[in-house]
Every structure is written in C-alpha cells, then in structure tokens.
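Build out the structure end to end from the sequences listed, making use of the hints.
Here the protein sequences line up with chains A and B, keeping their order.
If you read the first sequence in the working numbering, its first letter stands for residue 1, the second for the next number, and so on.
If you read the second sequence in the working numbering, its first letter stands for residue 293, the second for the next number, and so on.
Hint data in this document are derived by calculation from the structure and do not stem from the laboratory.
Keep in mind that a hint or two might mislead.
Result set (DSS-like, lysine-lysine): computed pairs, CA atoms no more than 30 Å apart in a straight line [claimed, not checked]:
{"hint": "1", "chain 1": "B", "residue 1": "Lys401", "chain 2": "A", "residue 2": "Lys44"}
{"hint": "2", "chain 1": "A", "residue 1": "Lys44", "chain 2": "B", "residue 2": "Lys323"}
{"hint": "3", "chain 1": "A", "residue 1": "Lys8", "chain 2": "B", "residue 2": "Lys417"}
{"hint": "4", "chain 1": "B", "residue 1": "Lys417", "chain 2": "A", "residue 2": "Lys249"}
{"hint": "5", "chain 1": "B", "residue 1": "Lys613", "chain 2": "A", "residue 2": "Lys5"}
{"hint": "6", "chain 1": "B", "residue 1": "Lys754", "chain 2": "A", "residue 2": "Lys249"}
{"hint": "7", "chain 1": "A", "residue 1": "Lys44", "chain 2": "B", "residue 2": "Lys417"}
{"hint": "8", "chain 1": "A", "residue 1": "Lys5", "chain 2": "B", "residue 2": "Lys323"}
{"hint": "9", "chain 1": "B", "residue 1": "Lys1091", "chain 2": "A", "residue 2": "Lys249"}
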Amino acid sequence: MFPAKIEKYVRPQSIAEALAALGEFEEGDAMFLAGGQSAMQAIKSRMLRPECIVDLQNISELKGIDAAAGGLRIGAMTRYVEIAQSAALNGAFAALADAAARVGDRQVRNRGTIGGSVCWNYMASCMPAVVLGTNGTMNLTAANGGERSIAADDFFLGPLETAREDTEILTSVSWDAPVSKTGSAYKKWGLVTDALPVVGVCVRVSVGGDGTCSDARVSISGLAGGGERAPAAETALLGSDGSTAAIAKAMDAAAEAADTHSDMSADADYRRQLIRNLGREVAASAFARART
Amino acid sequence: MASKPIEDTADWVGTRLPRKEDLRLMTGGGKFLSDMVLPGMLHAVFVRSEYAHARIKGIDKSEAVAMPGVVAVYTGADIEHAFKALDIPVLIPNLPAQFPKYHALAVDKVRYHGEPVALVIARDKYVAEDASELVIVDYDELPVVIDAEAALEDGAPRVHDDSKDNEIFAMTFTGGETPEEQAANDVEVEKIFAEADVVVSERFKVHRTGVTPLEPRGVLCEWNESDGLTAYITTQRPHIDRLALVDVLELPAEKVRVIAPRDMGGGFGIKAPFYRENIIIAHAAMELGRPVCWVESRYESLMNIGQERDQINYMEIAATKDGELLALRNRGIGNNGAGCIGVYWGFVMPFLGAVEMPNAYTWPKGDVKLRVASTNKTSLTPSRAFGNFPTRFAIERSIDIVAHKIGMEPAELRRKNIIPQLPYTSITGEYYDSGDFLGVWDNLMAQIDLEAFRKEQAEARKEGRYIGIGFSCGVELSGVASDLMVPMENQPGYGAASVRLEPRGKVYVFGGDAPSGQGHETATAQAVAAIFGIDPDDIVVTTGDTTTTPFGSGSIGARFGSYYVSAVAKACEEIKDKITRILAHDLQIEAHKQHFEFKNGDIVYLGDPTKRKAFKDMVERIIMWPINLPEGEVGGLETTAFFEADKPMICFNADCCMVEVNEESGAFNITRWVTSEDVGNVINPTIVEGQMHGALVQGLSNTMFEEFVYDELGQQMSADFEHYKLATAADVPDFEITYSSTPCPHTPLGTRGIGEGRPSSVPGALTNAVCDALTPFGIEITELPLRPNTVWRKIQESKS
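So, in structure tokens, the structure goes:
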C-alpha cells in the first residue's frame, strides 16, 4: 500500500497561504490534509491520488475552542483529544465531547480533527451526525477570501459528500448560544470498543420553564446514507415531559422510521433495536444535562 | 537483565525472568525482515486476481515493463516452464487427497480473489506499485462456488481443472483401517443410537476466522554464483522452506540457505506453510542477479492468509438418561478454499480437527467422518488452534445440549465422562500420554462456587437479569510426534538443538525452529542456566539459519516446551557427562555425573564439597588445554542432540466463563473467566501465562468479532481492519489462570509444549455460558460468530 506519486507537499502557516497553495493546482488535484486519520488511508490505498497535499496542521487560526457568550466555535483543526477534554463542552454541547472521547483509539484522537471528519463525512462516523444533531454551522472561506456559513442540515449531502467546494476551506464549526436550558448527548455501538459506529444516536433537547421539551433534535449515525436526522423522534419529544415513557415512544418512532440496512456488522432489525436502546439512554442523558 | 530474582541457579527453571528479547523489541531495536537492506535491492509487488474464478485470456504487461524504474514483470506464462509446479513431494502430506497442480503465479485461470497473477519488480516500492496498476489482465469470468456443501454437489463449478470433483479430501477416522471394519463399526454405532435414552443431533457452523500477526509475510532473496541462493523468509520452518526451494527450483541442495529473521512479529501458524511467493521472488533474484524483496501489505495478508475454521459439523451424541456418553457421530464438511499452499493444502487442519474431536471424554464408540471441499476462497491456512476450533465448539456445545435434555448440571456431566486415567487412546486413535484430567477439572471447580452461582442465577432471574455459566475443556497436542508428523506433514517430529560452549564458559544454543515472539531465547537460556548452574545472561540463542542450525521441522504445534527444549536439555546433559568425566579424572576420584552438582558457577563434588572447580575454568581447560585427558577423550565441548519422546504427548486445560446477558439488546458481558491448566513443569510462568492470555484473547476475538466475509461472487469484503474486527484490550476480561500441573514423564525437564491449541476451548465455554443464561428462553446457539445481534434474534424468536 504505497501512494501514487505526490508532486508537492506544503505546510502553510495561515488560511490565506493554504488557499493560495491549493489554487496553484487544477481544481481537485490538490487537497487539504487535516489530521490525516482517514485521508492517509485513502491516499495509501490510492482511492485518492492528490498531486499536492496542503497540510493544515501549522495554521493556528484553525485551532481552538471558543465558548464565549454561551455560543461555541471550534476551529476546524481542533483535535478530538482537545474536544474530549474541554471543560467548555457541557450542557448543550456535551454530545461533542461524548463523541470525541470515543473516536478510534488514543493515537487517532491525538491527531484526528473535527474539521477533517465533517469534511470527509464518512458513512460510519460520529462527528457529522453529532454536528447535525446539535445544529452546528460550517464556516467556510473561499479562495477569494469570501466567507459563507452553511447549516449542518444543508452541509452533509451523503456519504463522502458535503456542500464544501474543493476550493473552499472549512475554518470552524459554530453553534449559537442555546435560548433555554439545553442538554445533548451521544452514544454509539460497534462490535469492538471505540469502533466506527454501527449505529449511534445524538439527542439535543431544550426544556422550558414548565419542564417540558421546547426543542428537540435527534440524529442517527451509521445509516447507509451517513448521519441523518430522525424527525419522528423529534416530533415525539417536543412538548413531552422527557419521561422514560415519552423517550421510549420517541425512540420507537425513530427506530420505526429509520432506513436501516443489513451488512456484516449487524442486520437491519438489529440496527433498529440499537436505535431504540441507545436512543433511550442518550435522550435520558440529554434531558438530565438540560436540567442541571 | 539486572534483576536476579533467585539465589540458586537450579531455580532458573520456574522463575519469572524478564524476557531477554524484550529490551530490543520494546525499544525499537528489533531487526525484522523489513529492516533489512541489501546493496542493489529491488522491490516486488504482486498483481492479484480481482475475481474469484476466471479464465486468464491474456496479460498485457507492455506498459508496465516500459515504465522507468521497472526492472522486470513476470506472469504465469513466463514462469510456467521456468521451474516446477508446487506439487512436489516435500510439500505433500502422506494423506490420500486430490492435490491440485499450481504454479507460483496463476497459469490459465485464477481460483480465488487475491491469487497472485503477475509480479512487478522495480527500483522502489512506489514504482513497483505504480507499474502493477498498468498490468492489464483480460479475464473471462467463470461460475463461482463459495459454499462447501454446494461445492460437493454434482454439477458444481469445478475449482481445479485437474481434479475429478471438488472433494479434495475425505476420511473416516474411526472403526479401523479397512472399509469393511469401518462399515461394521458404523453399524454398531447406529445400533447404539437406535437404542439410546437420549440423542442430540445438531448442525454446528463455525465461520471463517483465524490469525492476523502484527508482521505479515515477507521474502528477501539474493543470489550469487559462489554462495548460491540466500533467502530471508518470515517463516516458522526455515529448514522445510529450504528443501522446497531446492526441489522446485532444482538447485543443488548445498547452494540454498534460508534464514528466518531473528525477530518476527508473530506467526500463529501462518508462517508455517511454504508459500508460492517465496519461489517467484527467489527465481527473480537469480534471474536478475540482484536482491529482490517482497513485503506483504495488510490488504494482501487479510485476503490470502490467516483464514481458517470455516466448517460445518453435523454432530450426534448418544447418551443414557444418567448422563453417560455412549457414542459420538460426526459428519464434518470443511471449506478448503483453493488449497494452493504447500505442506497443508487447506485440509490438513480439518484433518487434525477430526482426529482431536473426541477431546477429553470417554466415548465407547464413535463414527467420525470428514469431507473437505475445494471452493473459490483463499486456502485455509494454519491458524493457532490448528483445525480443532470448529470441532471443539461442536463437541463442547453438544455436551451442554445433552445435559439440558436430561436435566443434568453440565459441569457434572463433564466430570462423569472425563477420561479418569491415562494413558488413553481415543476413538480416533489419538494417544493421550499423561496428566490428571480430573485433577485439573477439580482444580477448576475449586476456584468457583457452582452451587452459590446457581442460587444467584435463580435470584437474578426473578429480577429479570440473566446470568450464566459455561464450561469447556481441551486436550491439546504437546508437540507433534513423528508418528503423526510423518503422515500429516511428511516431516519428522523430533526436536533438535546444538549446544556449543566457548572457552570462557559462555554457551551458544542453535535451533532450527524459528520463533516469532514467544520468548524462546529466554526460556532456552533458563533451561541451560539451570542445567549448567550458570546465569541466563551467559547464554546466546540462535535460531532460524539453516546453515548454522540442525534440521528442525519448525516452530509449530507447541514444539518448544515438548521437543525443542528437551533436545537442548539432552545436549547439555551430554556435555555435562564429558565435563564430569574429565573433572573426575583431574581430581583423581572415581565419580560420575550424578556425583557432581553444577551450581552457582561451580562444579562441586558431592562426596567432598571442597573438591570443586569453577564451571568456566573447567570449560576453558577442556577446550583450550586438552592435555592430560582420560584415555580416549578429546578436547572441545559441543554437541547436537535429537529428542523424540517414546509416545506422542498432550497437555490439558479446562475453562469456566461467567456472563450476564442483556435481554433487550442481546449484549453479553463476560464477568469472570477462570482456567485450570496442566502444563507440566513450567520454565517461565510469565511466558506460559502470556501464552494463555494470548490464546484466550484470540479465542474470544475469533468467537465474537473476527470474520472473513465473501460475497456471492467470491469477492473478499473484509480485507482491512475496519471490517475484520480484532479484540482490543478493552474488549476482554481479566483471566484467572490457575495450574494443576503434572510433570510430563516423557521429557527430561518434565515440561509440556503449550499454547498452540488453547484458543479452541474458548467458543464452547462462552457460548455455553450465554445459552445457560438464556435457559428460560430455551436457546441453543449452534453457529458462530457469537454476537449480540445473533443473541438478540434468538431471544426474539423464542418470544414469538
């Protein structure tokens, strides 16, 4: 497993330099490298054959977690280990830490980044589903310096596909400050510890003054289409009291509606069962976090 | 090795000496095949078949050949007549089978996804891989057969054109040598079944799984006219590889040397066969006059090797209502794959699995038959627990099903039928030499409180919790005696070692079996240190070079603790004989070896402890100053010894597993794992326990996670670690390893070879525990892998 010829490797210091380096090649011939935990495998197996690699690891403006004013901004080159260990990621954003703490193994978490994961958007991955479930926004900069922001609902287009243009760089993922008490949680299941998700469930709920659910987002990872929202569960949770029975009903609805598939890891029925089991645990945790 | 945990050198055997190998291995100082660089070395990449079964219409290599940096491209057509096909006697077992003819590269057709079709040799690995993409193979797809039972049906696509059908091997293992005797036996067995109180009859299926050593395969060959061929091969058996190279390439035997690198990253069986890749790399090195190196990628490795098990067993047991086992009947069907690997051909593993099927139970009668089918999968390759993983699963599950049928405690049923006294010959003719099976079993039961567990289980069920307990036991081969090795692998079973003392009293040990991380340097040094009364640091162990080591059949089948270290001990004792003869002469006393003690660096005359000499001084005297010797003696201290036990030898273990099953998800958590081992005298407990840990982890990983998956077209779907799942440390429980050891009476140190067959006790114990937990649902699981998904489905079926 040796890569096809790579003509050039650069390690720019700024976003502008990175975009300029990318622009030296025909569109699609140069690629950004974030943590490299997926991309290097794809390059070694020759699924990807970049002529130029623009390694983003020295760009400090792409790194860091900023939780000022109740909102959240995570630089695209922020590593899983930093997300997993950040004290800022509680309540509404706790699902991000739940997911980051269980990606791959220690080595992967020390190198892999949130930006790399959402831009790669692998079918069996956690971060895209969690960003979707927590209603994150992708902030992109184009070669001409133009910036745009895309909501998760519009960003993830399907396995290995996103709304990012090849000429754009993802600079950060951001979240608005929650309007009321909000909690989120994520959990996945795989055959072995910390494996890629066969199924994972992310739940984010807000509770109003009367204790009922005023907002709910539910997403599922590991589906054939990658991370997807579960509107049936969201509808069922909204206005509910977050009781065990209400949660069970919502997750039954999510499982029922999910377009699960069978493969060597699990059959379609079992994936539904996993959505029920994980969903109940995760939703209970999200409610508990919202209420603290 | 600064720590000296003992005061008396006699105690080196049995102590937890830190492994001599570990400092270099843990600090990046190991020297593996991939670390070797020879001047002018070229790199090779194989082009492998994209199809499971296809006619090769043509291969266009012109573009690849033209690429700058490419030195040569070989196809099947190029080499078909350049050297022999691989169906040569040294690689063929003495068993009746339809051995397919095959070449180093596929000629005419490919028989599995991943078969080598062409070889590209270039100045570096990058160019070689670039060029390999330019080799255009024109295929004509043929019908594919993947399922073993389908392969044995009339009209199934034929995997090998030169075989009359897909049945590569079939055998009856019970009742006698002749068909008449066997037929008469079958009738008697049928009568027992017809009259038995209880009959259990199930179809057991074990998936394709095996081993994945950290270091895959590799070969580096160099050739020159004066020295001939030197082949560095990641191999467990360099001496056999050497003979195969000699015979296939038709080279003068003295012109071929094979060296297994001192450090190899695991073998677990897959480095035991002779592979076709070795031949073509050697041929290329000779033809090109430059060293050629091939190191297998993980992708190639997962597609070609380490795949074993893959067997169906239609098993029947007849028993009395009191739990006395009366007869065993089995019809095994092995899925051989294409079988193109030397020495084993795929079916040798299921063959041994059938031999070992009766396990530790007294069966008055048995009818054991096996058929093995060629299919369009890669060949079965030897994978630790060689052959007996599927049969052990079937037998251990069947025992529990019998117990459930008659309402008996499975542990009690086992104890009632475990062979009470050894030696014993099984219904398949396997000889069990020694040990105390019941002692090992009772030791296991003493570690747990079964009665308390049953009470706790009943209480838990009232709360809707499902806990269970499962047992299994296992007879494993302790080395492979020539009696079995000659028919099974056409090789001797004896152990061989050379021991050479140098003038300053240090010891060199040379062994032909090549280890791959087991700790042979350490354990050998401990044994030698104890015998000579010196320090393990004074001993240097060299393995794997066919020029400097005596012939050995390889580091396989738990040969170390049984045959190899016994040969080392025998050689040391012969040298001690000579030393004491000369010392008695020097001291002018009438004394023999037994009158001297070798201890703490001295040789002491027991009759008068003031009469003593430092070991190193005595060694120097004999090597350097060979004057005033007893009549007939000459100087020098070096000998080669061969060890063959009087009888084949075994070791024995028993396992207990406890689980809690989640009714809702089918997930099961292993709450406790206890073992009881009879491993004979132990040289290094850390190494022995490491073998047990590794084997149990492998058994669990095979049972729960690992599976080689093929689609209906024979495409391999599991050629990376995203899909071929291995257990991690977090996925396995702590193991409580206990001993109830009986010294082996047939080896000089009382040691037994251990660890090889050990994983096969795992699937039975674990699955029995899960089924025991789910007794209220009446669930009997008969297929592996055992996964939450399967358990959940069984619970759903039971409820509906």
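Here's how the hints hold up against the structure:
1. B:Lys401 with A:Lys44: The hint holds at about 29 Å.
2. A:Lys44 with B:Lys323: With a Cα-Cα distance of about 25 Å, the restraint between A:Lys44 and B:Lys323 holds, given a limit of 30 Å.
3. A:Lys8 with B:Lys417: holds (19 Å)
4. B:Lys417 with A:Lys249: violated (57 Å)
5. B:Lys613 with A:Lys5: Between B:Lys613 and A:Lys5 the Cα gap is close to 72 Å, so the pair fails against 30 Å, i.e. violated.
6. B:Lys754 with A:Lys249: holds (26 Å)
7. A:Lys44 with B:Lys417: holds (12 Å)
8. A:Lys5 with B:Lys323: Satisfied, since the Cα-Cα distance of roughly 29 Å is no more than 30 Å.
9. B:Lys1091 with A:Lys249: Roughly 21 Å separates the two Cα atoms, so the pair holds.
Comparing the model with each numbered hint stated earlier shows that hints 4, 5 do not hold.
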